[in-house]
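Participant: Here are the chains, one letter per residue:
There are 2 protein chains.
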Amino acid sequence: MAEIKLSPLAPAGFPNLLPVPGVEMGAVYAGFRKRERPDLLMAVLAEGSVAAGCFTRSKAPAAPVDWSRAVLEKSQGKVRAIVTNAGNANAFTGEKGMKAAVKSAEATAKIVGCTTDEVLLASTGVIGVPLNGDLFEKPLARIHAGLSGALWRDAAQAIMTTDTYPKGSCRVTHIDGRTVVISGIAKGSGMIAPDMATMLGFVFTNAALTYNCLQKLLRENTDLSFNSITVDGDTSTNDTVFAAATGVNMGHDPIDDPDDPRLKDFRVKFNEVMVELAQLIVKDGEGATKFVTIDIEGAENDEAAHKIGMSVANSPLVKTAIAGEDANWGRLVAAVGKAGEKAERDKLQIWIGGQHVAMKGAVHPNYSEEQATAHMKTQNIDIRIDVGVADGKARVWTCDLTYDYIRINADYRS
Amino acid sequence: MAEIKLSPLAPAGFPNLLPVPGVEMGAVYAGFRKRERPDLLMAVLAEGSVAAGCFTRSKAPAAPVDWSRAVLEKSQGKVRAIVTNAGNANAFTGEKGMKAAVKSAEATAKIVGCTTDEVLLASTGVIGVPLNGDLFEKPLARIHAGLSGALWRDAAQAIMTTDTYPKGSCRVTHIDGRTVVISGIAKGSGMIAPDMATMLGFVFTNAALTYNCLQKLLRENTDLSFNSITVDGDTSTNDTVFAAATGVNMGHDPIDDPDDPRLKDFRVKFNEVMVELAQLIVKDGEGATKFVTIDIEGAENDEAAHKIGMSVANSPLVKTAIAGEDANWGRLVAAVGKAGEKAERDKLQIWIGGQHVAMKGAVHPNYSEEQATAHMKTQNIDIRIDVGVADGKARVWTCDLTYDYIRINADYRS
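For the protein sequence lines, the chains are A and B, in the order given.
Each residue of the first sequence is one higher than the one before, starting from 593 at the first, in this note's numbering.
Each residue of the second sequence is one higher than the one before, starting from 593 at the first, in this note's numbering.
In isolation and in its complexed conformation, chain A is listed as follows:
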């Protein structure tokens, strides 16, 4: 197995995540991983909580994804526990996979004192290896005995696979004069097998929201965060984002309308948490040495802009040019062109690190390669492209594609 070094883009440390009223958690080693380090997380939500979910678009989703989708539909978001294991993705495990998922939900329901329809599941790790459903009950009982609202770092570490650091984000806001905490954790760093570095993101808040409202906010912000990042363009069988809202300490009925003015600042902060978590995943991209922000403007609509942005962000040629600190705007043009969305070649404009490098379909007369190259040598690369069609815009994030990406992925099992 290739040596895993801390990403050069890693933050200074794990941030201070505040407890969320109504959320308790714990993590232990249950035996899913080979190495003895916590691999099982349970978060328990106060009665009355709701949860929402967004899942992988993979047509071959893992059993826990099927399970959690069904739970949310059946319970309409009435959820009491989220259980996640790392080390085994329970993906492509046939009928046995669903049986193991059911077993883990049954164990959780028994310990927490709820129904299995109130248990959300997520798994990450090796695929194609049967998950032992009997491994959950005892460790879950141990977690339950030591639940606490302050174990965010343990929680973030328990869901890591090839991540080189735990990922967390926290914001505080107010709704109707009451303090609301938003704390979230995430994992993911490209998608590597046998540890399919599935993207997982769990965001918790004590806001009082209906399932309908939370699901809408989660969907919208997942598109603006986890669906706007890419390390290698590969989608896992297990990608899962959950949001849970406990309503604890709020003293008002759950808010149903996402546009309710009381949610104005909450929405900003909720978005910030999700974007920060998504960015932390990019910064832990396998072999990443550069963090790249790509702004697309002037597209036919926001969706087209997003598609163009992801085309640029996923282009191996763009990503290797960035690794080589090469302000190769020709590759940007090509990546815009291949996105399949409308772009006016003769109105296309490109900025790299704020410098206007191309306009009217050709290189800018004042283009300074020296200045562009100086920007490419920094750690945070900014690319802005106006495709000259209409007003659609999007922002996406990616990292460079380096020797180390190949090393990690080609040598992983050798």
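No lab work stands behind these hints, which were simulated from the structure alone.
Don't take each hint at face value.
Repeated chains share a single entry, so a pair holds when one copy, or any two copies, can fit it.
To be verified - With a straight-line cut-off of 20 Å between C-alpha atoms, the simulated PhoX-like cross-links for lysine-lysine are:
(1) K670 - K626
(2) K899 - K985
(3) K952 - K688
(4) K856 - K952
(5) K939 - K856
(6) K688 - K939
(7) K952 - K702
(8) K952 - K691
(9) K939 - K691
(10) K861 - K969
(11) K666 - K702
(12) K626 - K939
(13) K666 - K695
(14) K899 - K952
Using the hints provided, position chain B relative to the given structure of chain A.
Facilitator: Positioned in the frame of chain A, the structure of chain B alone reads:
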């Protein structure tokens, strides 16, 4: 500039391409490249010839692509010359780009004695650098003075950019008792800037076909060949495939129906030439050490199968696993899943090197990792996936993703 070594997958040598009655050609150094080696190709077609074209789907196509699309529409395939330069793609060059294209067509028309509407153009090379349209006339006159039907190798070399070897393919067949030659050349090896290694493919035959018939055959076979390969998933601004049919020595009216029984063997051979050229491009993939054939079966339809195949073929995780000689079928599952096409997870079957490695949504009980790994150590990797939905099938080709891909693309301009 990174050193360019001959691809380890290169064929033993350039094949023997037979002259095509009605086709003459020549190549010289015109000054588009920095290094003095032939960079301008002209093929002259006998009067009465027709040509067809398939072009990049890029929304930011180069000027010669716009030119040639318009020519074919206007002349309905009546073409007398194909002119191609290497070293400058004439892409993203604004209005100047089209002016240079027009100039090159005018020079050609003057020398060949035809109208500009009978001149097809293609360019490959640096993008964003204005092309000097005055550089064509004198070298084209020199080519014209030495035209020959036997300069296939020179022609194939003149269109190379980062290719490590010239690419050609030839077949002989009969139509109505007359001998028909099909000779084709191609270039491409990933897409790298400043040499955007555009894919170019030119196929010539003396079959007597109408424009309509040739265009249909070219479209169909482009999908089965050049559109079924990938090195890095990037599409160039300049990708162009031309086919020309001279009708010389045929003694019958041009055939208009692609399903005409007289074309039965011709179609097989035409396909073989295009597939062989496409495979030669994959085998020259940047940094490639393995040639990978991916068969998809059981998809909803052939188009869905193709999309799934390309998803697998483009997955960096699949390609790095192959580079690492790792029979990592989990990554195949993930790549199938992310294609967005119907796949029955619980019916999915996978074969690697003929070995049945997965069935019924789980690993095959007799799976031998040793046997799979032995296959991965060979140079030609065979992957077969049945997605268990219906009867759609497709075959695509790719190569592995190695350190050398990064080296070539990240260090190119440094």
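Participant: Go through the copies and call it for K670 and K626: within, between, both or neither, with a Cα cutoff of 20 Å.
Facilitator: neither (34 Å within a copy, 68 Å between copies)
Participant: At most 20 Å between CA atoms: does that hold for K899 and K952 within a copy, between copies, both, or neither?
Facilitator: Neither way: K899 and K952 sit 22 Å apart in one copy and 34 Å across, limit 20 Å.
Participant: Checking an output row: K666 and K702, CA cutoff 20 Å. Within, between, both or neither?
Facilitator: Answer is within; shortest intra-copy Cα gap is 19 Å, inter-copy 75 Å.
Participant: How do K952 and K688 come out at 20 Å by Cα distance, when the copy is not named: within, between, both, or neither?
Facilitator: between (58 Å within a copy, 11 Å between copies)
Participant: Is it within, between, both, or neither for K952 and K702, if the alpha carbons may be no more than 20 Å apart?
Facilitator: neither (66 Å within a copy, 32 Å between copies)
Participant: First find the shortest C-alpha distance between K856 and K952 inside one copy, then the shortest across copies, and answer within, between, both or neither for a cut-off of 20 Å.
Facilitator: neither (39 Å within a copy, 49 Å between copies)
Participant: My question is about K861 and K969: at a cut-off of 20 Å on alpha-carbon distance, are they close within one copy, between copies, both, or neither?
Facilitator: neither (32 Å within a copy, 51 Å between copies)
Participant: Within a copy, between copies, both or neither: which one fits K688 and K939 at a CA-CA cutoff of 20 Å?
Facilitator: For K688 and K939, only the inter-copy Cα distance (14 Å) is at most 20 Å; the intra-copy one is 56 Å.
Participant: Taking 20 Å as the upper bound on the Cα-Cα distance, should K939 and K691 be classified as within, between, both, or neither?
Facilitator: between (56 Å within a copy, 17 Å between copies)
Participant: Could you place K899 and K985 in one of the four classes (within, between, both, neither) given a Cα distance threshold of 20 Å?
Facilitator: within (10 Å within a copy, 27 Å between copies)
Participant: Under a CA distance limit of 20 Å, which applies to K939 and K856: within one copy, between copies, both, or neither?
Facilitator: neither (36 Å within a copy, 47 Å between copies)
Participant: Indicate which option fits the pair K666, K695 if close means a Cα-Cα distance not exceeding 20 Å: within, between, both or neither.
Facilitator: within (18 Å within a copy, 68 Å between copies)
In this structure, the earlier hints numbered 1, 4, 5, 7, 10, 12 and 14 are contradicted, and the remaining ones agree with it.
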